[in-house]
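Chemist: Residue numbers (numbering that gives the first Met the number 0), protein chains in the order written: chain A, 0 to 222; chain B, 0 to 366.
Because the hints were derived from the structure by calculation, they are not lab data.
Accuracy of the hints is not assured; some may be wrong.
Looking from chain B toward chain A, a few residues come up when the C-beta cut is under 10 Å (computed) [as the list claims (entries may be wrong)]: (1) 6; (2) 97; (3) 351; (4) 352.
Beta carbons are placed, not taken as given, at the ideal position from N, Cα and C, and that holds for glycine.
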Amino acid sequence: MLTIKHLNKKYSTIDGEIIALDNLSLQIKKGEFIAIVGKSGSGKTTLLNMIGGLDTPDTGSIMLEGTDIAKLSGKKAALLRRRKIGVIYQFYNLVPELNVSENITLPTELDGGEIDTGWLAEILQMVGLSGREQAYPSALSGGQQQRVAIARALFNRPSVILADEPTGNLDGENSAEVLRLLKSMNEEHGITILVVTHSELVAREAKRVIEISNGRIIEDRRQ
Amino acid sequence: MSPITRIALRRIKRDLGKSILLMVAIFVSTLVISFLLFLELRILPIQEAEYSALPFQMFLANVRSGVNITVVCVALLALLTMRMHFGVRQEENAQTLAVLTSVGAVNRQIRKLIWIDILVLYIPSVVLGVGVGTIFCILIESGLEVGKTVDSAELMLYAMVAIAMIAIGIGMIILSNLLPKMGIKRRSVIGSVKKHNLKASQQKHSYRQSRTYREQALIKRLAKKSVDYHSKTYNEIALTFALAAMYPILAILLFWYVGNTNVLFETYQQGEIDAALSALEQIFALLGISFAVLTVVGFLQAFLMARVQFFARKRVTQVYLSVGMPESDIHKMIRAELKSVVLRSVIILIFSTYIINAWFAMVMSSL
Numbered sequence: 000m001l002t003i004k005h006l007n008k009k010y011s012t013i014d015g016e017i018i019a020l021d022n023l024s025l026q027i028k029k030g031e032f033i034a035i036v037g038k039s040g041s042g043k044t045t046l047l048n049m050i051g052g053l054d055t056p057d058t059g060s061i062m063l064e065g066t067d068i069a070k071l072s073g074k075k076a077a078l079l080r081r082r083k084i085g086v087i088y089q090f091y092n093l094v095p096e097l098n099v100s101e102n103i104t105l106p107t108e109l110d111g112g113e114i115d116t117g118w119l120a121e122i123l124q125m126v127g128l129s130g131r132e133q134a135y136p137s138a139l140s141g142g143q144q145q146r147v148a149i150a151r152a153l154f155n156r157p158s159v160i161l162a163d164e165p166t167g168n169l170d171g172e173n174s175a176e177v178l179r180l181l182k183s184m185n186e187e188h189g190i191t192i193l194v195v196t197h198s199e200l201v202a203r204e205a206k207r208v209i210e211i212s213n214g215r216i217i218e219d220r221r222q
Numbered sequence: 000m001s002p003i004t005r006i007a008l009r010r011i012k013r014d015l016g017k018s019i020l021l022m023v024a025i026f027v028s029t030l031v032i033s034f035l036l037f038l039e040l041r042i043l044p045i046q047e048a049e050y051s052a053l054p055f056q057m058f059l060a061n062v063r064s065g066v067n068i069t070v071v072c073v074a075l076l077a078l079l080t081m082r083m084h085f086g087v088r089q090e091e092n093a094q095t096l097a098v099l100t101s102v103g104a105v106n107r108q109i110r111k112l113i114w115i116d117i118l119v120l121y122i123p124s125v126v127l128g129v130g131v132g133t134i135f136c137i138l139i140e141s142g143l144e145v146g147k148t149v150d151s152a153e154l155m156l157y158a159m160v161a162i163a164m165i166a167i168g169i170g171m172i173i174l175s176n177l178l179p180k181m182g183i184k185r186r187s188v189i190g191s192v193k194k195h196n197l198k199a200s201q202q203k204h205s206y207r208q209s210r211t212y213r214e215q216a217l218i219k220r221l222a223k224k225s226v227d228y229h230s231k232t233y234n235e236i237a238l239t240f241a242l243a244a245m246y247p248i249l250a251i252l253l254f255w256y257v258g259n260t261n262v263l264f265e266t267y268q269q270g271e272i273d274a275a276l277s278a279l280e281q282i283f284a285l286l287g288i289s290f291a292v293l294t295v296v297g298f299l300q301a302f303l304m305a306r307v308q309f310f311a312r313k314r315v316t317q318v319y320l321s322v323g324m325p326e327s328d329i330h331k332m333i334r335a336e337l338k339s340v341v342l343r344s345v346i347i348l349i350f351s352t353y354i355i356n357a358w359f360a361m362v363m364s365s366l
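The shape of chain A in the complex, shown without the other chains:
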């Protein structure tokens, strides 16, 4: 489903050149729940950016269902993100001017698609936000905002969800809830999940754990 081959990325900084990804190759099957772990600066987020088409590699390829993301133009990458990829951030990053429903349906609306109200109601129910459709992000707690972000990532029925430390800013209870939702998306909807995390809890629950160090995979274990 997702095949990454010989991915390389270097960044130039005032302290010199940093190798973010070093000839990284990876094969991911549909429906996997993968935790990507590693120290800060090891290249985890860079890898996630590349898969999401938010950054381009220096060399290498990222094939998602037959499309090489690395070779896509900005516009085509954006279209791919709308239709096939959901993104969840550590700090929710909802659009403050849009209410809960509008934030959730944003990728579909950007695509000019019809809003499936039944699916929206189902998702709201799933993330426990029924009745809060009209609330704006500023009126929600951190945990609720993260659940909106998860619902947004799920709404366009993506093939893959990329989550960048989704529990990093949440307390234990909300972290467990977010993890439950990610697992449910994976098990009930068959969505491939890639989570960059420092959380042992998330890593323990994943079906596969990939450890990255200095831009290379140093461990890839299934559990």
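Assemble the complex: chain A is given as a structure, and chain B must be docked to it using the hints.
Modeler: Below, chain B without anything else, positioned relative to chain A:
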């Protein structure tokens, strides 16, 4: 309605008050600049050779120099006010644009959002501000009854001031609105959205690491860290406060250096020069009102900026609460940050006053 239009409309509704304030600031600045340049036009003929023997030539030379310095200062203050206004939106926009990009908005949609902001919110504030300022100046000048109608040279002058103000304003608007998009291109989208939120985790970590320290020292240290982290925003708030306070200081300096005009008017009213002197007197009275309006508008702008920052800080305080900092300590920390901003304002104000005062003194002594 497309989500981009919906976002744009809600942003317009939210920022309308700020744009009206900006419009008032531009209106009064244009009025003051046009007034002062009109005054110069009136003084020029009186300084010609045929009047060289008149005793108030020195006074008129003082007025001209004072007016020139004031025009430059007001123009700079107006530019800085515009820069502050648009600058505040830059970081805010960067995050919204990055989030939209990450959920699949294409360049065309991002550009649409930016241009709706520019065309509906910003350009009208600048154009209306400059336009109304110019019209008011012409109306006031006609009402001064100086014995002559507004001539073509004056109209040309007003047109040039208006065109310059609009051109600079629009240039700043476009730069301020397009920079965030360029910023997103330079760093990754995830980096862009993260940048705004890292402070929360950094401060949380800092508080956890520092629990063993004395409470008071810790609060001060956290406040300092926050001020350092938000230095750009805090500096802008401090600068806006200082700019607002600069207007009365500028007025005082101008009146101080050009001398006591009333005495001169009473002593030297002579024939055809009366009209120009009368205009000068009335313009000086109007300058007082204009500077007062600019001060109030400036403080209101600073207040709005401080309010935005206050709510941003309030959101971050959730992080402190989550690691057990009592609310009273959070308030102390925010008060310490505020003190630092006030101190910065005072330093900027003293420094600017010193520079402008030295400039006035240097020019006047060279006459």
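Chemist: The structure should be examined with respect to each hint, and the outcome stated for every one.
Modeler: Here is how each hint holds up against the structure:
The criterion of a C-beta within 10 Å of any C-beta in chain A is met by residue 6 of chain B, whose closest approach is roughly 5 Å, and the hint holds. At its closest, the beta carbon of residue 97 of chain B sits 8 Å from a beta carbon of chain A; the interface hint therefore holds under the 10 Å criterion. For residue 351 of chain B, the shortest C-beta to C-beta distance to chain A is roughly 33 Å, which exceeds 10 Å, and the interface hint is violated. At a threshold of 10 Å, the smallest CB-CB gap from residue 352 of chain B to chain A is about 37 Å, leaving the interface hint violated.
Violated hints, listed in ascending order, are 3, 4; each of the other numbered hints is respected by the structure.
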